[in-house]
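Engineer: Here is how the chains run, residue by residue.
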Amino acid sequence: MQTGFCMLTAGSVRTKNVMNVLLKNMLDCCTGAIVFFLFGYAFAHGEESNRFIGYSQFALTRFDNFSHAVFFFRWTLSAASTTVVSGAIAERATFYAYLIYSVCISGFLYPVISHGVWDVNGWLSAHRPDPVLGIGMIDFGGSAVVHMSAGLCGFLGTLIIGPRIGRFDSNGKPVAIAGHSASLVVLGTLLLCTGAFGFNAGSMLHVATRADHELFGGRNIVLSTGESVLVSPTMTVSRCLVTTLLGAAMSALVGLVISKWVLKVFDLIFICNCLLGGLVSITAGCATLEPYAAMCVGGFSAVVYFLGSRLVLRIRVDDPVDASAVHFGCGLWGVLAVGLFSSERLQAGAGFPVTHFGLVHGGDWALLGCQVIGMASVIGSVTATCVPLFLLLRAFGILRVSAEQEEKGID
Amino acid sequence: MQTGFCMLTAGSVRTKNVMNVLLKNMLDCCTGAIVFFLFGYAFAHGEESNRFIGYSQFALTRFDNFSHAVFFFRWTLSAASTTVVSGAIAERATFYAYLIYSVCISGFLYPVISHGVWDVNGWLSAHRPDPVLGIGMIDFGGSAVVHMSAGLCGFLGTLIIGPRIGRFDSNGKPVAIAGHSASLVVLGTLLLCTGAFGFNAGSMLHVATRADHELFGGRNIVLSTGESVLVSPTMTVSRCLVTTLLGAAMSALVGLVISKWVLKVFDLIFICNCLLGGLVSITAGCATLEPYAAMCVGGFSAVVYFLGSRLVLRIRVDDPVDASAVHFGCGLWGVLAVGLFSSERLQAGAGFPVTHFGLVHGGDWALLGCQVIGMASVIGSVTATCVPLFLLLRAFGILRVSAEQEEKGID
Amino acid sequence: MQTGFCMLTAGSVRTKNVMNVLLKNMLDCCTGAIVFFLFGYAFAHGEESNRFIGYSQFALTRFDNFSHAVFFFRWTLSAASTTVVSGAIAERATFYAYLIYSVCISGFLYPVISHGVWDVNGWLSAHRPDPVLGIGMIDFGGSAVVHMSAGLCGFLGTLIIGPRIGRFDSNGKPVAIAGHSASLVVLGTLLLCTGAFGFNAGSMLHVATRADHELFGGRNIVLSTGESVLVSPTMTVSRCLVTTLLGAAMSALVGLVISKWVLKVFDLIFICNCLLGGLVSITAGCATLEPYAAMCVGGFSAVVYFLGSRLVLRIRVDDPVDASAVHFGCGLWGVLAVGLFSSERLQAGAGFPVTHFGLVHGGDWALLGCQVIGMASVIGSVTATCVPLFLLLRAFGILRVSAEQEEKGID
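Residue numbers (the working numbering), protein chains in the order written: chain A, 1 to 411; chain B, 1001 to 1411; chain C, 2001 to 2411.
FYI, nobody ran anything at the bench for these hints, they're computed from the structure.
One or more of the hints may lead you astray.
[Stated by the list, open to error] Straight-line alpha carbon distances no greater than 30 Å define the calculated DSS-like cross-link-like pairs of lysine-lysine that follow:
#1 A:Lys-264 to B:Lys-1408
#2 B:Lys-1260 to C:Lys-2408
#3 C:Lys-2408 to A:Lys-260
#4 A:Lys-264 to C:Lys-2173
#5 B:Lys-1408 to A:Lys-260
#6 B:Lys-1264 to C:Lys-2408
[Said to hold, decoys possible] Covered stretches of chain C (chain A as the covering partner; in silico rule of three or more C-beta atoms under 8 Å from a C-beta of chain A):
#7 2178-2187
#8 2245-2257
#9 2263-2276
#10 2289-2302
Even for Gly, the Cβ is constructed at its ideal location relative to N, Cα and C.
Just chain A, with the same shape it has in the complex (with noise of 0.2 Å):
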């Protein structure tokens, strides 16, 4: 996953700042694992917490009842989503500007947005006994815990730090950088995809083995239909790779049509990011919706980045790798998505409470009302955070390099 974000960020990068692209990406990784073991799985997951934040098992210690590889897979969503703000500002921030914001991210934000929705605990939790509106938010593969919170920092990062030199020419008229490597994005993305599959999947191991399997004993539940449905952890990561394939694979041929129609020209890197705004979207609901659902999620998702990255050039920011319409847009339509799409039955199986359900299916407005309560938390607690950081770093001078160094290079 981390060499597919690496490959193509510094596939999508000129050439003369590969160097630094790279070793940011390896760093971001490196600090992040620290700061996460240190405190940052304690803030997301401790085994005390209250409904905003976990306060024990700092350092793995008292750890010994549970797996190990629970923090290791929780480890690579924490890395995904720090390393998604490099791209929106790589070409122009400082060393140590990255070194902090990695730190803030991966050792606060993120556990706490993580805790609040996936943690048992959480007070968004859809696994409480008592969730928000009786039912919680769905967010199985993280399309607001990863991606929206990312996106919209690498926004929040890239609106303050400004646009590269030469971005916008003296009319406000945006010029086209090239990266240096069509093959490293390409590379990238279809690394990026295989790990996709891996997280979607492996979601369902992460909320099985924190729920201790009370959730998952092999317990049925009845639906509104009065039909009975197996909670079943193997036959719902078996559904995920299914529905990420449809919905990435969508949004890749809608993008084409786009790409075709619109721009009037084949845009292989536009095309690879539709690819991936498709699989944003349908992290969120990969185990609840079903597969005619993630085709028209995903299909949609390339819509949506298309008129994010035409927003964003409109405010003039200038995003490189396009992180804000990819994570933040694809992501922010992939949590509603599913507020309109999820099956009950699917849920059922899931081990999601059904008395609420997708709109389209006959549901009420409850769950996308947990959506959009979810949404508006991570858009707030991210702003919160990233605002002030950003214009701190900024105030102190350590935020971007100097303007030779970025015409020259930074590597």
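Given chain A, put chains B and C in place with the hints provided.
Structural biologist: The following block gives chains B and C in isolation, referenced to the frame of chain A:
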């Protein structure tokens, strides 16, 4: 796997066409996924079926009691099949030609072949109650179903589309057109190797699942020697890893000798193709060949590749990635080799009938006969589908890009 | 894993030798597979064996009751070992030298070392009924067996073959020879990381299988404190993931500090090598170190790498990929570190004897003694094999390419 093909083809073409190739590779994957989901899977392995085609479970409806993971695995095979063709007609086919044949192969041709050989109801299946010649065809990982069909399709495509401009001089002598990056070719080859191990080992799962455990439930099979052998999927998977490794390794080493003694130079790309040819040829028999036989089959496949690639050039067909020789030539050899080398004891272990086995081990001609029938049926059905398809595309003028565009590059 | 090494070395050499390096890397893998199959495995882990070498199951005969998957896993380690050497003597060794030492290492040297440390009958094994010093050597993932031996072999090779032309100027001062692609180096490093997680975690399987479940069947081990600990392969695998991650991360971060404060520049390649060094050093103790200890071991390994690579340059040895410092230096540190930090409780969990453990945790000197004995025996056996081997090759004039060829490039 797809990543491997993508890098391999990207490295094999000239810089001016890299973007185009990457784009096509990504999209055939996506188109294939949608088409295979909508009707390909139903044709291939729908629950209701006759000897030649399935006709239920379109779009995976009524698919509950069955693992979606199997669909996913089968799709990866289907995608591999489509992608091989793209290499053969790279650098000159139009985008529409590409889309249309992707749909035909993923949606119809591949499923029908796969049904005939792999489905328990298929007319050539070894798992029918009344298999052809009392044994049926043994194509464990798909030398015929995946590789021969894809390689032949690619060959027919490149025959009909004609050589790239400048590939043969005015006297018809071939002029080498070097790819732009050997590193990418090797990266692709190695990723394909990794993928091949997964495919060959994974094939057990997919055979085992489909057969509803009837064939595999700790059953014992009595051999002609009176020895009783336990049907063991686990043991078979382990064996596949070893035979695949030995076959590929021998092929590369024989390729090295050929390269040094015949070509008088260590040709990296040639040896990469030998390695791939070894993987292709071992695929049919990876479960039922002894290690020594795997080495023989792999070793000879380098010779098959060498002769095949010479022959293709001799008849002035231009195949940029040598897909015809690697996939069709070596695949054909692999299919026949099963008839020669297949071991009675290992057939039992993998759940195949044991009344007939390889000639070398004292079996009769029935198994070899079945392999020849299978080979002929693949050749027949691919030719009957692809020749009209490509001719039609040519007649409508949407097969090949214009000469100017080809000179300039399709990016 | 092999893919990782391949990309790493390819990125580290000059353009003129890329093809050559790729070719060699692919072929040592293939040669190694055949040789290891024919007799390497038998020497290492044949069922009949004395303390120093096995002598049955050549070519995997009479291998039925044993999983072929274990053979496959062991081969990957053997291949890794061979490939490390290739990096050290890159850009100037002949093809024949390469083939000959591949056969020697995969077929004899590696198997003998592996037998001594890892086989239950091996003289240094911790799983013998009568282990050396009452404890035997703990080298869980192979810091000594794989990395020290390979690194030392590479060092001796590069010492005997001499530096590349132009690597040291007339005053003996080193002249940097830059590799041709930093992206490939990083891609290689990250693929190796992924591989290392698999190796370290997979080592449990291979220990567990070999020991015929006697050591692991839900057995409890009583510690010196009176506490009873369940032997748990699953828990141990999970722990390996976490310790490997923390060790590698700390190493990269310490490397970053060294790079900034000592080298006065952020050197990407240097930090990549620190990361690899961290992986190497944590390999021996990944199952028996607490997380804090993993961070100490990993962090210090960056210092070891830094000093080692300085030392190598000081004595005017030219090692293009720094294999000596990374694999031998950090491997040696990792082996000794087990004697310092190994935890009694975790040794029990991983099925090792608990009578002696790390000094830091209040153990006695026996474990450290065993690690030193193991280290010395690896150094001894590698030196005794490789020095005559490379000297012979040099005497016959087939070690190094001619000066003209080296200047022109070996492609």
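Engineer: Against this structure, judge whether each hint is valid.
Structural biologist: These are the hints, each one checked on the structure:
The suggested pairing of Lys-264 (chain A) with Lys-1408 (chain B) holds, with an alpha-carbon distance near 18 Å, which does not exceed 30 Å. Straight-line distance between C-alpha atoms of Lys-1260 (chain B) and Lys-2408 (chain C) comes to about 20 Å, which keeps the hinted pair within the 30 Å bound. At roughly 47 Å between alpha-carbon atoms, Lys-2408 (chain C) and Lys-260 (chain A) are farther apart than 30 Å, so this suggested pair is violated. For the hint linking Lys-264 (chain A) to Lys-2173 (chain C), the alpha-carbon distance of about 57 Å lies beyond 30 Å, and the restraint is violated.
Simply put, Lys-1408 (chain B) and Lys-260 (chain A) have alpha-carbon atoms about 20 Å apart, close enough for the 30 Å limit, and the pair holds. Between Lys-1264 (chain B) and Lys-2408 (chain C) the alpha-carbon distance is near 19 Å, which keeps this suggested pair within the 30 Å criterion. With a cut-off of 8 Å between beta carbons, the region 2178-2187 of chain C has 4 residues touching chain A; three or more are needed, and the interface restraint holds. Requiring three or more residues with a Cβ within less than 8 Å of a Cβ of chain A, the coverage given for the region 2245-2257 of chain C holds, as 8 such residues are present.
As drawn, the region 2263-2276 of chain C meets chain A at 5 residues by the rule of a beta-carbon pair under 8 Å; at three or more, the given contact holds. Judged by the Cβ-Cβ criterion of 8 Å, the region 2289-2302 of chain C is covered by chain A as claimed, because 3 of its residues qualify and three suffice.
Hint violations for this structure: numbers 3, 4, all remaining hints satisfied.
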